[in-house]
Amino acid sequence: MAEHNAIEPIPHDMQAAHKAHDDHDVTVIFGRTFNMPVYTAVFIALGILTALEVIVAEIFAEPAIRIPLLLGMAVVKAGLVMYFYMHLREDSRIFAAAILIPIAVALLAALFLMAVPSTGY
Amino acid sequence: MSDIVLARHMTAEQIEKEKIRTHNLKFATWLYLASEVVLFTIMLVGYVLFRLYEPEIVKTAHEDLSILLISGNTFVLLSSSWAMVMGLRAIKKDDIKSGARWLFLTAMLGITFLVGQYIEYQELAHLSITLGFDTDALAGWGMRFYAPTFFHGVHVFVGVIWALIVVDKTRKGHFGRNRYAGVEVFGLYWHFVDVVWILLFTLIYLV
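Protein chains in written order, with the working numbering: chain A, 1 to 121; chain B, 122 to 328.
Hints listed in this document are in silico derivations from the structure and should not be mistaken for laboratory results.
It is possible that some hints are incorrect.
If you only want the chain B side, here are some residues facing chain A, beta carbon under 8 angstroms, derived [to be verified]:
#  : residue
1  : 146
2  : 151
3  : 158
4  : 192
5  : 203
6  : 273
7  : 274
8  : 275
9  : 276
10 : 315
11 : 319
12 : 323
Yeah, the Cβ is synthetic: ideal placement off N, Cα and C, and Gly gets one too.
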């Protein structure tokens with residue numbers, strides 16, 4: 001009983017593996033190494049993309065250019081958050097499937113609704 | 122054995138059990154978030170269809186929106202997501218004090234976002250943009266604008282309360298290098314709220 005409840009220190013190899021997994025103190029982008037965690041690099045990218053979105057929305061009046069650009073940047077931003085901050089890049093693929101399948105179905109339904117004329121068929 | 126002791130001193134067997142528990146909790150959270158996708162999609166599609174059929178009304182409404190305020194608010198929410206993930210990173214490294222600080226910052230940034238949204242609603246109310254459907258054309262836009270943004274705001278509010286609970290539990294030593302499922306699950310929720318805002322910001326304010 002006493003043996004079963006004994007508190008044992010974590011083996012060193014497990015500690016090392018855990019540390020290696022969590023340590024992202026440097027970020028490599030296109031071969032260049034930056035002294036910051038990958039999470040900070042993603043945050044900077046998100047900030048830049050947000051500023052670009054506002055600039056694009058102000059500069060381009062033509063919807064044919066503005067809308068695809070804005071939607072593209074929004075998808076990239078959402079993808080960055082899900083891939084890095086929500087850990088989809090390292091977690092089980094079933095997590096990705098659990099969220100991507102409903103998103104795909106919702107997108108299809110939305111496209112179908114948008115294809116229906118406002119006056120109906 | 123209390124959670125606090127478990128968080129700091131775990132046997133190899135307990136660590137394995139905790140890994141399985143974390144995996145299951147995360148999967149359950151992803152399934153919950155999938156149901157949220159459906160809810161937000163309904164509101165977003167409602168807005169997009171209005172945008173397609175009534176472009177002139179949306180153009181008029183956009184002139185009343187303060188892009189500067191909303192852009193700032195968007196940056197605040199993105200910052201909160203960064204603070205959240207940095208908090209989790211610190212806890213995974215057993216830096217509990219730093220983790221609690223990052224998570225507290227997350228909650229504060231969430232509150233800042235809500236204050237910004239309140240200011241925005243005040244401004245729109247002064248411009249007579251209301252929830253009504255039939256009073257005038259702009260009111261039709263109002264309902265489609267307030268429904269998704271307010272629903273999102275409620276999620277931020279719930280997230281702030283949840284963040285403060287996680288901060289309290291972190292300070293009390295419930296989480297550590299081998300036990301952080303509670304923090305990670307909250308993080309998934311908070312980042313999802315951020316993702317939803319990224320889409321709302323683009324579709325409602327910019328497009």
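Hints, one by one, checked against the model:
no.	hint	result
1	146	violated, 11 angstroms
2	151	holds, 4 angstroms
3	158	holds, 5 angstroms
4	192	holds, 5 angstroms
5	203	holds, 4 angstroms
6	273	violated, 14 angstroms
7	274	violated, 19 angstroms
8	275	violated, 20 angstroms
9	276	violated, 15 angstroms
10	315	holds, 6 angstroms
11	319	holds, 5 angstroms
12	323	holds, 4 angstroms
Hints 1, 6, 7, 8, 9, counting from the list given before, are not met by this structure.
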